[in-house]
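4 protein chains.
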Amino acid sequence: MNEVRVGIVGLGRLGRTHAINLAQNVPGAKLVAACSFVEDELEYAKRELGVTETYKSFEEMAASPNLDAVCIVSPSGYHPEQIRLAMEKGLHVFSEKPIGLDIEDIEKTMEVIKAHPDQVFQLGFMRRYDESYQYAKKMVDEGQLGELTVVRCYGIDPSSGLESFVNFARNSNSGGLFSDMSIHDIDLVRWFTKKEVSRVWAMGKNAAYPELDELNELETGAAMMQLEDKTMAILVAGRNAAHGYHVETELIGTKGMLRVAAAPEKNLVTVFDENGAVRPTSQNFPERFSDAFVHEMKEFISCIKEKRQPEVGAIDGLQSTKVAIACQQSVEANQIVEVK
Amino acid sequence: MNEVRVGIVGLGRLGRTHAINLAQNVPGAKLVAACSFVEDELEYAKRELGVTETYKSFEEMAASPNLDAVCIVSPSGYHPEQIRLAMEKGLHVFSEKPIGLDIEDIEKTMEVIKAHPDQVFQLGFMRRYDESYQYAKKMVDEGQLGELTVVRCYGIDPSSGLESFVNFARNSNSGGLFSDMSIHDIDLVRWFTKKEVSRVWAMGKNAAYPELDELNELETGAAMMQLEDKTMAILVAGRNAAHGYHVETELIGTKGMLRVAAAPEKNLVTVFDENGAVRPTSQNFPERFSDAFVHEMKEFISCIKEKRQPEVGAIDGLQSTKVAIACQQSVEANQIVEVK
Amino acid sequence: MNEVRVGIVGLGRLGRTHAINLAQNVPGAKLVAACSFVEDELEYAKRELGVTETYKSFEEMAASPNLDAVCIVSPSGYHPEQIRLAMEKGLHVFSEKPIGLDIEDIEKTMEVIKAHPDQVFQLGFMRRYDESYQYAKKMVDEGQLGELTVVRCYGIDPSSGLESFVNFARNSNSGGLFSDMSIHDIDLVRWFTKKEVSRVWAMGKNAAYPELDELNELETGAAMMQLEDKTMAILVAGRNAAHGYHVETELIGTKGMLRVAAAPEKNLVTVFDENGAVRPTSQNFPERFSDAFVHEMKEFISCIKEKRQPEVGAIDGLQSTKVAIACQQSVEANQIVEVK
Amino acid sequence: MNEVRVGIVGLGRLGRTHAINLAQNVPGAKLVAACSFVEDELEYAKRELGVTETYKSFEEMAASPNLDAVCIVSPSGYHPEQIRLAMEKGLHVFSEKPIGLDIEDIEKTMEVIKAHPDQVFQLGFMRRYDESYQYAKKMVDEGQLGELTVVRCYGIDPSSGLESFVNFARNSNSGGLFSDMSIHDIDLVRWFTKKEVSRVWAMGKNAAYPELDELNELETGAAMMQLEDKTMAILVAGRNAAHGYHVETELIGTKGMLRVAAAPEKNLVTVFDENGAVRPTSQNFPERFSDAFVHEMKEFISCIKEKRQPEVGAIDGLQSTKVAIACQQSVEANQIVEVK
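Chains as they are written, first to last, in the numbering used here: chain C, 77 to 416; chain A, 77 to 416; chain Z, 77 to 416; chain W, 77 to 416.
Hints are computed from structural coordinates only; laboratory data are not their basis.
Among the clues, some could well be false.
[Unchecked claim] Now the stretches of chain W that chain A is said to cover, found in silico as 3 or more residues with beta-carbon under 8 Å: (1) 97-103; (2) 145-158; (3) 201-215; (4) 302-310; (5) 339-345.
[Said to hold, decoys possible] Derived PhoX-like pairs (lysine-lysine); straight-line CA-CA distance at most 20 Å: (6) C:Lys270 to C:Lys214; (7) C:Lys173 to C:Lys374; (8) W:Lys271 to A:Lys106; (9) Z:Lys184 to C:Lys106.
Every residue, glycine too, gets a C-beta built ideally from N, C-alpha and C.
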């Protein structure tokens, strides 16, 4: 089979990561088109990544006869419509998370995806393709930890971005801490346990920037979840980790425990200086999940070539969004919320 | 001042630890009396620890003219009555946690303690006297972590004791996982934050021994708590840690995070063998808190000599028991419970 | 500029790694030719990597009009001659270490390289392109560790390969432990300190397989080195690490210390099981240096496109081999050996 | 048996540690006498430690009829004579290391010790009584690491003391880096391997304070040693660890490796702040070996009561001093030195 020709929509920080990977790091893929409102981004794609077609309209890009697939990295609100549009044009679709912000809209999108079973649909839960998470998943699936009883997930953004978030929140709605930050963690809970979440209680506290209270945003939050088989899940989400980007996952089972990134080590270096014995830490998601982004895109291309569906699909998007919304409702009600 | 003459009640595993410390490791203390139903234990105290008076009745021991203080390590149900009795006899009292099992009984005991302000009363929350916890507390109090937003506490007993617990639970009531295991963690939450717990949701899962369901006991549990100032606390308690005795505490603040015993390392050794790079882990509480038990008893004796009260008193016992009871109620109701 | 067309010689374990990288992971490179004595390897290269020309003779491959560069991964003894031959054909050359086994032969090769200054020559000291080593190098060059006083390098192969090495050694000459295993470490010492080694004392001990004594081989060895400015270097080399592939480097400076891979962690996972708190460890060099192999090849291709020479060149090969030979002589004499 | 009555000579930093332990932390011991040139120290001993006899002359203290044993913590040069004097007075002797500075003097002292086999003699190699070292020793003796091939020992003092050392060295002779700092490490090499050192090569470098060159002192040094059975030992000694007091020991065996204090962790705390994931580190020997000092003194008292000799005796002092002197000679000659 020839190279898979891909068009990308969205060339922000994450979009650029995917674009570079498609152009340079994923054998069998060819980045041929890019879509953005920002002229500079399109120039960049042409000049640096060899893209030959540029668009301001996703609809026009999706109509190009030169595409086999699209990679959707636009703002979250556009995802469902763009997924449907691309699917209906006969294209394979890789979409960043979340699959959508509104449950009805997501369900409508899932109908369209189901109606095109020969087209690949993959959602961007890249952590599943990270080497350490794969190692953990294999141990769990082989039963080395026994039966899981508790899953704990931390997703905390670096303090360095907090002030700009506060400014952003003055004018925009992030969707709330749990939708914005914990959606990957919710997916991990479901992935590792193979169970759905039944009930959640979520809460938060604004301490460095109490003005976030008025903006209905959270600096740091926590959620406890009961899964359908009584497995417990604990989430901590935040925007204020002094040491960088803290994504950590713990699995407690009847035969052992396991942590992915107990300390979010940046590399294999230990420095001994006046602070003590120091492990430098990851600073942001493109650094931490650099390889995972490549691996997930290789999987997308392989699925297309091998005419199969990836492990992570639309249902994972629907379920994780449901739970994230329940967390947000729970914060507002300060009560337990059932996940339907 | 002369040596402080102490009588001990209870010579089980923990009682023996305190007895040895009073007899050998705490300058200024002299263990003169021991009380137990078990003749062998009294023989041991005479032979090995140089105790000169032995008793089967706590009341009789408390009446001895040769005592300045008592150390209460009897079963939890006896604590309140023995505390009151000793207080009324004019003795200084060190009592193991919990201060009691029933709120009314505890409140009555507190009245008696308050009525004897010149006698020292100390509760056995030894973790506060552990070197690592003291280091953490100092950092928090100096503001090095900023304002605390999340406290996470794990207290998990080793798997090696689980089967015998199951047998025990067939005939006895442990008080429930949270009263039995989390009371120290609840005290840590209060100690670090200086705030009280307002609301809790607790739950559990029995996986290795599903028969615990019928016995109304839990193998592993989790609780989320909201404090009066919205600080969040997360507890995990359990009886099934394959690697040993896992007591870990995390403090998340606006300026940094801190973990005490992120891995419960037994010592400073790292072994590199076919398993990988291995840190041996603590196996039980006498090992982990060996020094803390000495330090808390030294503090008790110092308080007596210096005519002052220790940091950890009856109110800490009352409040931690209230929260533990709320957790247990929450498990049973599977609902959020308010702590009065 | 068009793609750089590369031919590879040698398709063993490391050769295959380079071949895959050139074919799939290095943008701007195109693997067009492969040379091997082994027919299956050539078939593999055609079938899996899209190679269009295959050869049994390096001389013939070097004469192909379709090549811009060669990648030499043949047995060490062939390196010098193949480097010279390719250079004289006008090709850019990437050669695996060592640059050669004999000093005169290497010096002759260096003359040829110098005579073709417009062709890129790069030697395969991939550790310099590892992310952790680059992080360490930057710290050193920025003076964050102050002036270096001690460099310690461990290079120990996994026990799993020791028995087969013993069998190999019965019939073949490995070149000796220090030439075989420590050449990368010697390069690191020179790279970090920017100084040359003056004197060495090396020794070894055979314990698991004492029969290696008769074969004049070492299971485990150590060397101490004095550099021209009195900086000290310590090497440990071996073939018997129970936990896997232990490559570790330490830098001690006047302002701080630093270790790369203090524990050779495989990933970010920590497992807590009956062994304790376990970090899984790297098992072999393709795993440990997977990314470094890609980065060094990207650098090779960039050098060609940008008409510049890489940081690591022929002189690094010459000097590291001199030191390795001195170590071997020191073992045999059990005396200090001067490095000329 | 009654309490063992001990007199101590020397009340400097380490002397005070031993004095406090004898007075308060070692059951069965009673500190009755102290000897010092410094009046304030004697006052301290009387006031704080309950000492009833004070002396300016060791000879007079040794003549007291109220002593069973002496603890010698005087300057190293006095050790041999004081040991002999006390032995001849019929006293049990605990002496700090080194047993002496001069081989002949040590041998003469050993003769006296041998002539009094019913009196306990113990040398202050306290690391052998550290919990982590004991754990390591047990693993080695049980064969869990297989046969040892390499022992690596680091003993590096904190940078905070370097400037005052430079001032000290202007007027005094420390005995040289290896005698001053490595004597404990040399003892560990012998203890773990049960073998003697045959040959050493030692060297050093002064970088932060090049003026140490003229004072014939070393800031940082390294030594490689060949043991009688070809086991290799590597020492690094220094006075300039930015992170504190770095005592680390590594054992490489045919079945596994082991490190004591791979990072010299101060406690069980990990701090996550803008520096990364930080383990605070030990700052000095009284902190690091606090428990070991108690344990060794408990062993001394037990030996007296149980009429047996401790594991660490005069021969260990002689052999370690021989090796330290050989290291110093090797530095001066910059050649390998045989240990007789």
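CA of Lys173 (chain C) to CA of Lys374 (chain C), is that 20 Å or under? holds, 17 Å
Sort out whether Lys106 (chain A) lies within 20 Å of Lys271 (chain W), counting only the CA atoms. The hint is violated at about 46 Å.
Within 20 Å, alpha carbon to alpha carbon, are Lys270 (chain C) and Lys214 (chain C)? holds, 13 Å
Counting residues of the stretch 97-103 of chain W with a beta carbon closer than 8 Å to any beta carbon of chain A, are there 3 or more? holds (count 4)
Can you confirm whether chain A covers the stretch 201-215 of chain W, using C-beta to C-beta distances below 8 Å and requiring at least three such residues? holds (count 5)
Going straight from one Cα to the other, do Lys184 (chain Z) and Lys106 (chain C) come out at no more than 20 Å? violated, 45 Å
Coverage of the stretch 302-310 of chain W by chain A (three or more Cβ within 8 Å): With 0 residues closer than 8 Å to chain A, the stretch 302-310 of chain W misses the three-residue bar; violated.
Given coverage of the stretch 339-345 of chain W by chain A, tested with a Cβ cutoff of 8 Å and a minimum of 3 residues: holds (count 6)
Report holds or violated for chain A covering the stretch 145-158 of chain W, Cβ cut-off 8 Å, minimum 3 residues. Our answer is that it is violated, as 0 residues pass the Cβ test (under 8 Å) against chain A, missing three.
In terms of the numbered hints stated before, the structure departs from hints 2, 4, 8, 9, listed from lowest to highest.
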